[in-house]
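Number of protein chains: 2
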Amino acid sequence: MKNFKLIIEYDGTDFNGWQIQKSGRTIQGALEAAVFQMTRQNIRVTASGRTDAGVHALGQTAHFRCKTRLTTDDFFSGLNSLLPADIVIHSCQPADESFHARYDAREKTYCYYILNRDLPAAIGRQYAWHIKNRLYVGAMQQAAEALVGTHDFSAFENTGSPRSDSIRTVSAARIMSDEHGPHLTFEITANGFLRYMVRNIVGTLVAVGRCKITPADFATIRDSLDRSQAAATAPPHGLFLVSVTY
Amino acid sequence: MKNFKLIIEYDGTDFNGWQIQKSGRTIQGALEAAVFQMTRQNIRVTASGRTDAGVHALGQTAHFRCKTRLTTDDFFSGLNSLLPADIVIHSCQPADESFHARYDAREKTYCYYILNRDLPAAIGRQYAWHIKNRLYVGAMQQAAEALVGTHDFSAFENTGSPRSDSIRTVSAARIMSDEHGPHLTFEITANGFLRYMVRNIVGTLVAVGRCKITPADFATIRDSLDRSQAAATAPPHGLFLVSVTY
Numbered sequence: 061m062k063n064f065k066l067i068i069e070y071d072g073t074d075f076n077g078w079q080i081q082k083s084g085r086t087i088q089g090a091l092e093a094a095v096f097q098m099t100r101q102n103i104r105v106t107a108s109g110r111t112d113a114g115v116h117a118l119g120q121t122a123h124f125r126c127k128t129r130l131t132t133d134d135f136f137s138g139l140n141s142l143l144p145a146d147i148v149i150h151s152c153q154p155a156d157e158s159f160h161a162r163y164d165a166r167e168k169t170y171c172y173y174i175l176n177r178d179l180p181a182a183i184g185r186q187y188a189w190h191i192k193n194r195l196y197v198g199a200m201q202q203a204a205e206a207l208v209g210t211h212d213f214s215a216f217e218n219t220g221s222p223r224s225d226s227i228r229t230v231s232a233a234r235i236m237s238d239e240h241g242p243h244l245t246f247e248i249t250a251n252g253f254l255r256y257m258v259r260n261i262v263g264t265l266v267a268v269g270r271c272k273i274t275p276a277d278f279a280t281i282r283d284s285l286d287r288s289q290a291a292a293t294a295p296p297h298g299l300f301l302v303s304v305t306y
Numbered sequence: 061m062k063n064f065k066l067i068i069e070y071d072g073t074d075f076n077g078w079q080i081q082k083s084g085r086t087i088q089g090a091l092e093a094a095v096f097q098m099t100r101q102n103i104r105v106t107a108s109g110r111t112d113a114g115v116h117a118l119g120q121t122a123h124f125r126c127k128t129r130l131t132t133d134d135f136f137s138g139l140n141s142l143l144p145a146d147i148v149i150h151s152c153q154p155a156d157e158s159f160h161a162r163y164d165a166r167e168k169t170y171c172y173y174i175l176n177r178d179l180p181a182a183i184g185r186q187y188a189w190h191i192k193n194r195l196y197v198g199a200m201q202q203a204a205e206a207l208v209g210t211h212d213f214s215a216f217e218n219t220g221s222p223r224s225d226s227i228r229t230v231s232a233a234r235i236m237s238d239e240h241g242p243h244l245t246f247e248i249t250a251n252g253f254l255r256y257m258v259r260n261i262v263g264t265l266v267a268v269g270r271c272k273i274t275p276a277d278f279a280t281i282r283d284s285l286d287r288s289q290a291a292a293t294a295p296p297h298g299l300f301l302v303s304v305t306y
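The listed protein sequences derive, respectively, from chains P and B.
Every position in the first sequence, counted from 1, becomes a number in our numbering once 60 is added.
Every position in the second sequence, counted from 1, becomes a number in our numbering once 60 is added.
One or more of the hints may lead you astray.
[Unchecked claim] Calculated cross-link-like contacts (lysine-lysine; reagent style DSS-like; alpha-carbon spacing at most 25 Å):
id	chain 1	residue 1	chain 2	residue 2
1	B	K62	B	K127
2	B	K127	B	K65
3	P	K65	B	K192
4	P	K192	B	K65
5	P	K192	P	K272
6	B	K192	B	K272
Source of the hints: derived by calculation from the structure; they are not laboratory data.
Modelling step: build the complete structure from the supplied sequences, incorporating the hints.
Right under this line is the structure:
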């Protein structure tokens with residue numbers, strides 16, 4: 061049995077998220093269909109984690125196991141020619157038989173892009189959240205510092221999400237802005253993320269940026285463990301899974 | 061009679077070009093429909109020039125004349141709320157009654173984006189031409205210098221195009237590349253462009269970059285006035301109308 065590790069870029073715009081469904085276009089569905097075309101076997105392709113509808117990935121990581129004579133090079137070029145243009149395989153590497161893209165993930169990095177100016181964009185509108193109100197980046201950066209460390213992130217988890225515990229360790233969280241331009245990037249690295257965690261954090265950081273709440277309030281919300289204290293979830297199209305480390 | 065000057069950004073991906081047609085989505089069609097919704101008058105919106113299907117614009121310029129009490133501010137906000145998300149009005153200004161977006165245009169600048177690496181991109185694939193073969197940028201830059209000045213550009217005009225003459229003056233043409241990255245940009249400014257001229261130039265510059273022809277051959281092709289000497293037309297989705305000066 062061979063085990064293959066894939067690094068995958070996708071444009072989430074026209075997908076109903078990673079996870080295969082009875083109907084609707086999914087990244088997992090497209091990948092499993094392409095693997096089937098190459099192997100004539102129904103093989104599960106398992107990612108580091110699901111991404112929701114509309115969320116993009118620059119470096120999603122997945123694995124699949126199968127008995128095959130096909131090599132990593134065969135899958136790399138074969139999958140890229142079979143997959144639709146909104147999915148690109150960046151690498152296909154051999155992995156230990158025990159390698160598991162979800163269980164073995166040590167850290168993940170996400171970026172969230174915001175276009176902060178009066179006018180929305182036509183070009184690239186599917187890759188950033190447009191916010192008209194001028195955001196105060198200094199306050200957002202100050203608030204983001206409260207994310208770093210090991211915390212219970214219940215306040216930023218969607219209610220009703222099934223999980224064993226909600227304690228995660230964030231190793232880095234920062235806001236980057238163009239010196240004069242309208243683009244903001246929020247980057248966060250952690251050993252794991254709860255459902256909607258990044259988008260709920262971004263929604264609440266934007267409330268800080270709009271001076272609706274203070275950076276101190278942000279820390280209080282985190283400590284409240286109460287989802288109803290945090291702001292509304294940011295839309296999916298600004299979110300990118302950048303990389304997964306093992 | 062008032063005359064309004066618009067600066068317009070659009071994502072050409074889902075349009076059949078600028079010019080209104082009996083069927084199919086066009087930028088002119090969307091703009092005229094929005095102007096009709098605001099004025100209840102059938103009013104022609106005239107651009108600096110047509111863009112073809114799939115071509116984008118960051119600063120297309122257009123005008124429309126009408127008898128109305130509505131102000132530039134009314135049209136700026138009204139059109140932006142009525143138009144689809146792939147068209148954004150950047151400004152609406154009052155213009156002299158005689159102002160004409162096409163006849164009065166002095167210069168236009170286009171950019172053409174190329175992604176030069178083995179792998180295509182999923183993110184942003186609708187905004188750049190992916191070319192696998194390594195392009196030799198120095199040769200392309202050298203060839204591009206032959207474009208500057210006043211020349212008959214027949215060799216880069218699509219055959220069968222109706223026009224009075226094919227002499228144009230190019231004031232600037234250059235290739236820009238990331239220092240280490242895979243992105244190339246070709247930028248060209250001229251007092252006018254023939255049909256498919258930028259895309260035919262780019263196709264031929266890419267032949268230079270692939271060392272299929274030399275920079276000297278490029279100048280010879282320009283002088284031949286013969287479309288059949290130039291390379292195939294580059295695809296539309298890498299092309300952006302950046303700005304129009306008056």
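A quick look at each hint next to the structure:
In summary, the hint linking K62/B to K127/B is supported, as the alpha carbons are separated by about 6 Å, within the 25 Å threshold. Annotation: proposed proximity of K127/B to K65/B holds, straight-line Cα distance about 15 Å (limit 25 Å). Taken as a hint, the K65/P and K192/B pair is honoured in the structure, with Cα atoms around 24 Å apart against an allowance of 25 Å. A threshold of 25 Å between alpha carbons decides the hint, and for K192/P with K65/B the separation of about 24 Å falls inside it, so the pair holds.
Note on K192/P and K272/P: the hinted pairing holds, with a Cα-Cα distance of about 15 Å set against a maximum of 25 Å. Under the criterion of a C-alpha separation no larger than 25 Å, the hint pairing K192/B with K272/B is consistent with the structure, at around 15 Å.
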